[in-house]
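Colleague: For reference, the chains in residue letters:
8 protein chains.
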Amino acid sequence: MNIRKLEELLKKVKSGKITLDEAIAQLKSLPFEDLGFTRIDHHRSLRKGFPEVIWGEGKTSRQILSIMKQLKQKGQNILITRLEEKKARAIQKIFLKSQYYPKSKVLTYLTHPVKPEGKGTILVITAGTTDIPVAEEAVITAQFMGNCVETLYDVGVAGIHRLLYERERMEKAYVLIVAAGMEGALPSVVGGLVDRPVIAVPTSVGYGTSFGGITALLAMLNSCASGVAVVNIDNGFGAGYIASLINRM
Amino acid sequence: MNIRKLEELLKKVKSGKITLDEAIAQLKSLPFEDLGFTRIDHHRSLRKGFPEVIWGEGKTSRQILSIMKQLKQKGQNILITRLEEKKARAIQKIFLKSQYYPKSKVLTYLTHPVKPEGKGTILVITAGTTDIPVAEEAVITAQFMGNCVETLYDVGVAGIHRLLYERERMEKAYVLIVAAGMEGALPSVVGGLVDRPVIAVPTSVGYGTSFGGITALLAMLNSCASGVAVVNIDNGFGAGYIASLINRM
Amino acid sequence: MNIRKLEELLKKVKSGKITLDEAIAQLKSLPFEDLGFTRIDHHRSLRKGFPEVIWGEGKTSRQILSIMKQLKQKGQNILITRLEEKKARAIQKIFLKSQYYPKSKVLTYLTHPVKPEGKGTILVITAGTTDIPVAEEAVITAQFMGNCVETLYDVGVAGIHRLLYERERMEKAYVLIVAAGMEGALPSVVGGLVDRPVIAVPTSVGYGTSFGGITALLAMLNSCASGVAVVNIDNGFGAGYIASLINRM
Amino acid sequence: MNIRKLEELLKKVKSGKITLDEAIAQLKSLPFEDLGFTRIDHHRSLRKGFPEVIWGEGKTSRQILSIMKQLKQKGQNILITRLEEKKARAIQKIFLKSQYYPKSKVLTYLTHPVKPEGKGTILVITAGTTDIPVAEEAVITAQFMGNCVETLYDVGVAGIHRLLYERERMEKAYVLIVAAGMEGALPSVVGGLVDRPVIAVPTSVGYGTSFGGITALLAMLNSCASGVAVVNIDNGFGAGYIASLINRM
Amino acid sequence: MNIRKLEELLKKVKSGKITLDEAIAQLKSLPFEDLGFTRIDHHRSLRKGFPEVIWGEGKTSRQILSIMKQLKQKGQNILITRLEEKKARAIQKIFLKSQYYPKSKVLTYLTHPVKPEGKGTILVITAGTTDIPVAEEAVITAQFMGNCVETLYDVGVAGIHRLLYERERMEKAYVLIVAAGMEGALPSVVGGLVDRPVIAVPTSVGYGTSFGGITALLAMLNSCASGVAVVNIDNGFGAGYIASLINRM
Amino acid sequence: MNIRKLEELLKKVKSGKITLDEAIAQLKSLPFEDLGFTRIDHHRSLRKGFPEVIWGEGKTSRQILSIMKQLKQKGQNILITRLEEKKARAIQKIFLKSQYYPKSKVLTYLTHPVKPEGKGTILVITAGTTDIPVAEEAVITAQFMGNCVETLYDVGVAGIHRLLYERERMEKAYVLIVAAGMEGALPSVVGGLVDRPVIAVPTSVGYGTSFGGITALLAMLNSCASGVAVVNIDNGFGAGYIASLINRM
Amino acid sequence: MNIRKLEELLKKVKSGKITLDEAIAQLKSLPFEDLGFTRIDHHRSLRKGFPEVIWGEGKTSRQILSIMKQLKQKGQNILITRLEEKKARAIQKIFLKSQYYPKSKVLTYLTHPVKPEGKGTILVITAGTTDIPVAEEAVITAQFMGNCVETLYDVGVAGIHRLLYERERMEKAYVLIVAAGMEGALPSVVGGLVDRPVIAVPTSVGYGTSFGGITALLAMLNSCASGVAVVNIDNGFGAGYIASLINRM
Amino acid sequence: MNIRKLEELLKKVKSGKITLDEAIAQLKSLPFEDLGFTRIDHHRSLRKGFPEVIWGEGKTSRQILSIMKQLKQKGQNILITRLEEKKARAIQKIFLKSQYYPKSKVLTYLTHPVKPEGKGTILVITAGTTDIPVAEEAVITAQFMGNCVETLYDVGVAGIHRLLYERERMEKAYVLIVAAGMEGALPSVVGGLVDRPVIAVPTSVGYGTSFGGITALLAMLNSCASGVAVVNIDNGFGAGYIASLINRM
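For the protein sequence lines, the chains are E, S, R, U, Y, F, P and G, in the order given.
Numbering follows this note's numbering, in which position 115 of the first sequence is assigned residue number 115; successive positions increment by one, without gaps.
Numbering follows this note's numbering, in which position 156 of the second sequence is assigned residue number 156; successive positions increment by one, without gaps.
Numbering follows this note's numbering, in which position 204 of the third sequence is assigned residue number 204; successive positions increment by one, without gaps.
Numbering follows this note's numbering, in which position 23 of the fourth sequence is assigned residue number 23; successive positions increment by one, without gaps.
Numbering follows this note's numbering, in which position 147 of the fifth sequence is assigned residue number 147; successive positions increment by one, without gaps.
Numbering follows this note's numbering, in which position 103 of the sixth sequence is assigned residue number 103; successive positions increment by one, without gaps.
Numbering follows this note's numbering, in which position 221 of the seventh sequence is assigned residue number 221; successive positions increment by one, without gaps.
Numbering follows this note's numbering, in which position 154 of the eighth sequence is assigned residue number 154; successive positions increment by one, without gaps.
Hints in this document: simulated from the structure, not taken from any laboratory.
Note that the structure is a prediction, hence the values are computed from the model and not measured.
Each residue gets a CB set at the ideal place from its N, CA and C atoms; glycine is no exception.
Heads up, some of the hints might be wrong.
Looking from chain R toward chain E, a few residues come up when the C-beta cut is under 10 Å (computed) [said to hold, decoys possible]:
1. G128
2. P133
3. T151
4. G206
16 Å max Cα-Cα, derived EDC-like pairs, lysine to aspartate or glutamate [stated by the list, open to error]:
5. K11(Y) / E22(R)
6. K119(S) / E166(S)
7. K172(E) / D195(E)
8. K119(F) / E150(F)
9. K59(F) / E85(F)
10. K14(E) / E22(S)
11. K103(Y) / E150(F)
12. K14(U) / E150(G)
Working from the sequences, and respecting the hints, build out all of it.
Modeller: Shown next, in the form of structure tokens:
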């Protein structure tokens with residue numbers, strides 16, 4: 001049923017050709033997709049304050065540019081993840097003010113300043129320096145979504161004092177993102193020190209039986225500390241996103 | 001928005017308090033779930049001619065009986081899969097005419113005779129005799145859905161002549177279901193002999209590296225014969241179901 | 001026993017040198033392969049209307065060209081899958097009218113127009129835009145086999161309204177092919193909306209624990225919707241093939 | 001160094017036997033554990049408002065009773081997870097007012113009424129009825145931690161309308177916990193409908209390639225919806241715990 | 001085409017109603033299965049001297065007895081593998097002279113004495129005493145197939161001298177079967193000491209990361225000694241069978 | 001060549017029937033196993049001071065008793081691992097002074113007092129109380145081998161202060177054994193605090209993705225702390241054994 | 001003990017300085033390695049008629065050339081496996097008469113003609129044309145070891161008639177090597193048709209869930225045909241080697 | 001609390017402004033991190049005699065140079081592992097006297113001569129020549145930490161006499177490191193021959209089911225020889241490190 005059919009139905013109601021009950025019955029059986037749900041979707045976008053993130057992998061720079069132009073016209077800020085440097089450079093020639101972070105392969109473009117949304121600070125922690133690119137993806141995402149973000153890098157569990165030394169900063173944070181590769185033990189230790197939600201991000205750092213991050217992932221899922229939830233391997237974006245949702249509550 | 005709100009809206013249309021355009025706009029933004037989609041679901045059930053299959057695992061016989069009574073009232077035929085013998089016996093005390101197949105752990109109850117739906121014959125083949133319980137689940141499902149079903153058991157590839165001997169029956173079938181454990185090679189051979197869709201069902205028959213059916217599953221997914229698609233390990237029901245959908249086309 | 005031996009045997013029958021019973025006994029023990037099964041195979045090819053698909057991987061362009069020439073002489077249409085662009089370019093220099101699809105690595109060559117074979121429409125659906133190359137392989141295969149094919153791309157479950165909006169098109173299709181990577185949830189949702197067979201194609205789209213398509217594959221095998229069968233990861237060809245077999249029934 | 005050594009040191013400071021600088025140097029090198037960190041730990045417990053959860057697996061009922069008595073003396077509420085029915089019955093003979101939930105194998109004992117802590121509602125959703133025991137563990141945990149909890153069961157993706165019908169309730173929730181087995185697709189769909197954090201709990205419901213919940217876990221980790229984080233298979237407690245931390249922010 | 005049709009065809013040849021060429025053409029297109037391949041199969045059985053082995057798993061004692069009676073009538077010796085003790089006892093009540101080996105779950109019944117078939121000795125070696133049940137299955141199978149078998153048990157690689165002490169016996173054997181669990185290293189060492197084929201049988205002996213024999217299997221497949229081939233985990237029967245085939249060459 | 005042949009050879013040397021060079025040549029080609037290596041093995045046993053450990057799994061109590069009697073006659077102390085309680089009880093009826101540890105399934109029998117062998121203390125640490133049975137196996141083994149053993153239980157990383165509080169004891173130990181299940185993070189933290197070898201023992205404690213200890217194992221293999229080596233899952237014996245070897249250096 | 005010590009000992013025997021018993025006792029305790037076991041090894045090499053195969057992977061062409069020169073001096077024929085083309089070209093500049101097979105990455109160099117060793121024919125079969133490089137490695141190895149080898153390529157199970165057509169050749173072979181990728185079903189079918197040992201070689205041919213040959217390997221290990229043993233993935237050399245050992249019996 | 005606060009506190013103690021008890025209470029609650037634990041860490045470094053190893057992977061040569069300069073200033077010797085040749089060359093331009101080992105990708109720089117620390121010899125053994133790069137990493141690490149290291153290469157189990165020939169050297173060593181790929185059997189054999197700790201290093205040498213070292217790892221974890229502990233795949237550094245810790249005891 002399309003708009004015209006709906007119009008006809010309402011005309012019949014108005015003219016009394018069908019009773020209210022008959023009209024209700026017909027409306028109930030309406031295929032909802034004909035009611036213009038794109039608008040509802042539009043509402044959802046506005047409500048979330050975070051319209052569309054573009055997943056750069058497997059898209060050509062031409063495809064990405066086309067999407068970016070549409071989003072720019074709607075006045076939206078743009079975040080692109082997993083974007084290879086070569087494509088980023090092509091995009092930056094058109095979107096001159098866009099910013100590209102080569103380590104974490106993220107590009108941002110602001111049509112308007114980011115509006116502060118977060119209540120507290122999101123603290124992003126890494127076990128080693130090699131985990132930083134993933135952490136950076138989380139940092140950029142959370143900042144892009146209007147959060148105040150702090151970082152605490154290279155405080156892995158093999159030198160536990162480095163971590164304990166920063167206990168106060170950990171306790172002040174509202175949400176903590178912890179990225180670690182290898183044995184992925186850091187979220188367990190952090191989770192035991194704070195009473196805030198910890199989002200654990202396994203990274204693909206390591207070799208041999210680190211299995212590209214699977215060991216870290218498994219360790220995090222089995223954390224003996226409560227209050228830890230996990231995202232996909234190297235998914236800094238996902239961690240930054242859910243941390244932002246939590247921080248605006 | 002509930003029914004009352006809808007009623008009010010239509011009353012306003014009737015009385016001219018709002019224009020047609022205003023009414024359409026309001027209807028478009030209706031949360032569709034308030035329109036009573038269960039009815040649409042009802043339509044879907046009728047259309048499929050196969051309303052509800054009950055997954056017996058993890059349900060108590062009391063829970064199952066309660067669902068059965070509702071379905072019986074609606075005049076529907078009932079199929080329960082993965083039902084332990086003990087529960088089945090409890091159910092049969094209430095539903096006296098229900099039929100239980102202990103090998104394949106399926107129970108059926110007919111409120112009305114099954115209506116023929118299939119165009120051709122569905123042929124269910126097994127590699128060994130130990131695969132028969134899974135095959136039987138497929139057979140019962142397909143018969144329950146109105147199909148003519150034939151079987152061809154114990155024709156595994158280690159004695160290829162047994163299979164070739166039955167080539168004519170294979171060529172006559174409209175859809176073929178092939179259940180095999182161990183190396184799961186049979187669907188490939190069958191798929192090379194016929195020009196009909198082959199639904200492959202890996203079974204958990206075997207030991208050691210058969211890994212409870214994983215080897216058979218992987219072999220079937222890698223079939224060098226075209227025209228083969230696969231369902232979950234031991235999922236005779238799923239094979240019978242999709243074969244029935246195909247056979248009524 | 002070759003033809004000459006068969007001839008001699010029949011001569012003996014004719015001349016009465018052996019009795020009928022003796023001849024029958026000898027014929028029964030004939031190695032069947034000497035009876036010229038290539039002809040039977042020939043019949044099979046014609047019957048299927050889809051003689052030979054060339055698997056391009058691991059073959060040189062010289063080898064492929066040699067096969068193509070033979071097939072062309074027999075007047076057959078040719079489909080080559082998993083063909084690297086470099087080899088394709090070499091082939092196109094000889095087979096000028098051949099068509100190459102670089103995204104899905106498929107090459108087709110028509111010696112005669114494709115004959116319509118399908119009864120209804122095959123609808124090919126993808127969860128994301130990155131799944132399109134696999135979907136395209138299915139589309140080309142199904143068209144090559146004489147089917148009317150429609151597509152519905154980028155309707156993944158995270159924005160369920162996009163999918164629901166197209167419900168009518170889904171319900172009209174005879175067979176549905178659903179390609180998805182990542183969590184591979186789309187076939188379950190589609191399978192719950194239609195009463196037609198759904199062929200699910202896991203794609204290798206994703207990262208980390210997507211494990212090159214294994215996660216999507218597993219999800220599809222465990223679909224809680226009935227009526228779903230699965231092919232190998234990225235096997236668009238296989239999906240297109242079995243969908244074609246189903247659609248001509 | 002124990003308290004007495006610390007006392008002596010301070011006495012020496014007081015009496016001038018060592019300079020301030022010497023004292024500082026000695027204090028700096030103090031093994032911090034001698035400073036009585038158990039008290040700090042005590043503070044942490046109070047601050048979290050959720051002192052000790054007892055993991056029942058692998059502990060005898062005697063061991064558990066001993067721990068419970070200590071906790072009761074400190075006036076704390078007690079939550080025991082993964083407690084077999086037999087042990088629970090033994091415990092209930094001593095702690096008469098304790099409450100045992102056999103489906104989810106959880107026991108609670110309240111020394112004082114639970115204090116409301118949560119800001120909004122936590123909504124616990126399941127795909128099927130077989131996922132309810134895991135969901136119930138989350139419900140009890142979250143209620144025990146002072147949250148208002150609602151439930152929405154059996155709304156799996158194969159009948160997507162059942163879920164969409166409850167969209168309003170989903171949108172009202174502050175945090176959502178989604179438990180699903182088999183293909184684990186539900187969190188992706190829910191995550192696409194709401195703008196709140198979704199905690200996904202894979203359950204071990206399924207057979208064959210569900211691999212005791214691994215398939216659901218992998219699907220959830222690969223969710224194409226942002227805003228989803230995951231806990232261990234069947235870890236209803238963990239989901240309830242982190243949801244509670246989020247809900248009190 | 002059945003025998004009657006064949007008879008008619010030959011009659012036509014005899015009577016000159018069809019030419020030889022026509023008859024040949026018709027015979028070529030005969031579905032070979034109509035020619036009575038069971039007889040060919042029968043030939044194959046006789047030729048192999050090892051007609052049917054019954055896989056006991058998943059068959060009832062009634063089913064097994066029925067097969068045994070048929071085989072006994074044909075005067076064949078019978079070997080049943082993977083037969084639970086309970087079923088064996090039931091069978092032994094009917095087949096009084098049958099012999100059951102509870103450790104390896106094998107039952108044999110001789111209608112006639114085993115005919116010697118092997119050229120040399122088959123030596124069955126185990127790493128530990130816990131591997132003996134699997135080895136015994138190989139021993140019984142090889143003896144049943146007419147071979148002279150010797151055994152060498154508990155000579156694992158952690159005490160390499162035990163093995164080296166028996167070097168002469170190893171060098172005298174024609175075929176060697178080596179069963180080992182845990183790290184499965186023994187076939188590599190044996191394979192380096194002899195110039196005869198080594199059939200490696202991984203056993204499910206071990207715990208933790210022995211993964212029910214997978215570790216031993218993988219080690220054997222990666223043997224740095226040439227001349228080693230592998231059968232399935234715990235497949236003593238398979239090892240005894242192929243060793244017998246080799247030993248009769 | 002057996003002893004008699006050797007005797008003859010030496011007689012020929014003595015009598016001058018063969019030259020020294022000839023004798024040397026013949027001796028060189030002697031199969032070494034004829035030289036009586038069991039004696040050498042005997043030496044090895046004495047030298048190790050730890051003759052034979054009996055792996056109880058898969059052996060009957062009768063078999064074990066037979067081995068024990070032989071070892072007792074040689075005056076050796078006996079350690080049996082993985083011994084089910086039922087078998088242990090049977091053994092204790094004969095070996096009255098034997099001691100059985102039901103939690104860790106170890107039985108010891110001393111024919112003479114254990115001789116102190118270790119230089120320092122071996123400290124056995126566990127993450128949780130559920131890891132204690134595995135730890136106890138290590139403790140008994142190390143004590144049986146003549147070591148002074150201390151324990152430190154339930155100091156998992158989720159409450160890092162509990163561990164740090166005991167730092168002095170950790171630093172005093174010569175070798176540390178660390179048993180942990182779930183995420184297996186404890187060895188990394190301990191390894192970062194001490195400068196002594198750490199033997200990590202993954203335990204099968206956990207559920208879901210702990211995969212019976214695989215997660216803990218992987219985490220330990222990927223420890224970011226140097227100085228950590230790993231044994232098989234639940235292999236307390238192996239950890240105690242190698243720790244003993246280290247401690248006597 | 002070295003040669004000089006042995007000489008002294010014998011001198012003492014000769015001169016009567018020690019008794020025969022004393023000498024025997026001393027000889028028994030000789031570390032056997034001092035007896036010059038390289039010679040025994042030498043014997044072993046000669047006996048096997050197949051001295052050293054060089055594994056080319058991970059060796060520089062310089063290293064390989066050095067080994068080849070030594071082997072050439074000893075008059076041995078040389079086989080090098082897994083040799084990259086670049087290294088082969090460097091070697092062929094020095095060993096002009098060496099032969100390189102680029103598809104299977106094997107190089108052979110003959111210092112003397114290969115001596116026939118095999119009793120019958122080894123038949124090497126492949127499922128597809130892409131499996132030929134692996135098969136070729138087996139062919140060259142077996143020929144190099146003095147066997148008569150025949151080949152039968154591209155007879156995969158999806159066109160079973162191609163295989164059956166060649167049944168006579170299969171039945172004539174003494175040993176059969178069967179290489180297959182994808183679902184690896186061919187050895188099962190071949191094993192059911194012949195009464196000779198079948199060496200199955202899984203190849204890494206396939207994509208997606210073929211997992212680089214694991215699926216084929218698993219299928220072969222689970223062959224329902226008796227008489228099949230398996231070597232490592234792509235291990236054509238190993239198959240050729242053990243087939244040669246079998247064929248010379 | 002920083003140093004000034006501590007100073008003030010002690011001043012108050014001295015001046016009697018607060019009682020000893022009050023001071024103790026305040027000190028106990030001090031955040032330990034403010035006590036200057038970096039110094040404690042410093043102590044730990046000195047004590048270990050092995051301050052910082054730099055993991056080269058994922059760091060730029062600029063980052064590495066910056067760390068090296070700091071360490072050089074502190075007068076420390078430097079070891080860098082997993083350093084690509086390109087980065088090494090850049091570093092060697094600045095640190096002229098640094099030494100790079102391209103096979104094992106290790107770079108060392110000595111600011112002062114290595115001080116002997118080890119009590120006995122560490123013997124590093126490999127199964128094949130291809131395992132040498134990993135072994136070399138262990139050798140360099142152990143030498144860098146002040147140990148006397150010997151090597152024994154290419155003594156794999158397929159030619160067991162090669163290993164036995166060197167038994168004396170094995171027995172003399174204090175600690176043994178055994179590196180092996182493929183089936184990883186060597187540590188078991190070595191562990192059975194010596195009474196010293198064996199550190200097993202699985203290497204990624206092999207193909208097919210060697211799975212990049214997983215098979216060797218699993219075999220080593222399941223060693224039937226006691227006294228074997230395992231490190232990560234290809235982790236020569238880790239093996240050398242723990243062997244050094246053991247050798248200095």
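Colleague: Take the C-alpha atoms of K59(F) and E85(F), compute the straight-line distance between them, and say whether it is at most 16 Å.
Modeller: 13 Å, holds
Colleague: Hint check: is the beta carbon of G206(R) less than 10 Å from a beta carbon of chain E?
Modeller: At about 8 Å, which falls below the 10 Å cut-off, the nearest Cβ of chain E leaves the hint on G206(R) intact, so it holds.
Colleague: Just to be careful: measuring from the Cβ of P133(R) to every Cβ in chain E, is the smallest value less than 10 Å?
Modeller: 9 Å, holds
Colleague: Taken at face value, is the distance from the CA of E150(F) to the CA of K103(Y) at most 16 Å?
Modeller: Distance ~42 Å between K103(Y) and E150(F) Cα, so the pair is violated.
Colleague: Would the hint linking K14(U) and E150(G) be met if the CA-CA limit is 16 Å?
Modeller: 59 Å, violated
Colleague: Would the hint linking K119(F) and E150(F) be met if the CA-CA limit is 16 Å?
Modeller: Answer holds: K119(F) to E150(F) is near 14 Å, not above 16 Å.
Colleague: Keeping to a limit of 16 Å between CA atoms, is the pair of K119(S) and E166(S) held or broken?
Modeller: The hint is violated at about 21 Å.
Colleague: Grab the minimum C-beta distance from T151(R) to chain E and call the hint holds if it beats 10 Å, violated otherwise.
Modeller: Given a least distance of 17 Å, the restraint on T151(R) is violated.
Colleague: Can we keep the G128(R) interface hint, with Cβ of chain E closer than 10 Å?
Modeller: Constraint on G128(R) satisfied, holds at 8 Å.
Colleague: K11(Y) and E22(R) were given as a pair; does the straight-line alpha-carbon distance stay at or below 16 Å?
Modeller: 13 Å, holds
Colleague: Check the hint pairing K172(E) with D195(E) against an upper bound of 16 Å on the C-alpha distance.
Modeller: With a Cα-Cα distance of about 10 Å, the restraint between K172(E) and D195(E) holds, given a limit of 16 Å.
Colleague: Check whether the Cα positions of K14(E) and E22(S) lie no farther apart than 16 Å.
Modeller: Holds, because 13 Å separates the two Cα atoms, which is no more than 16 Å.
Comparing the model with each numbered hint stated earlier shows that hints 3, 6, 11, 12 do not hold.
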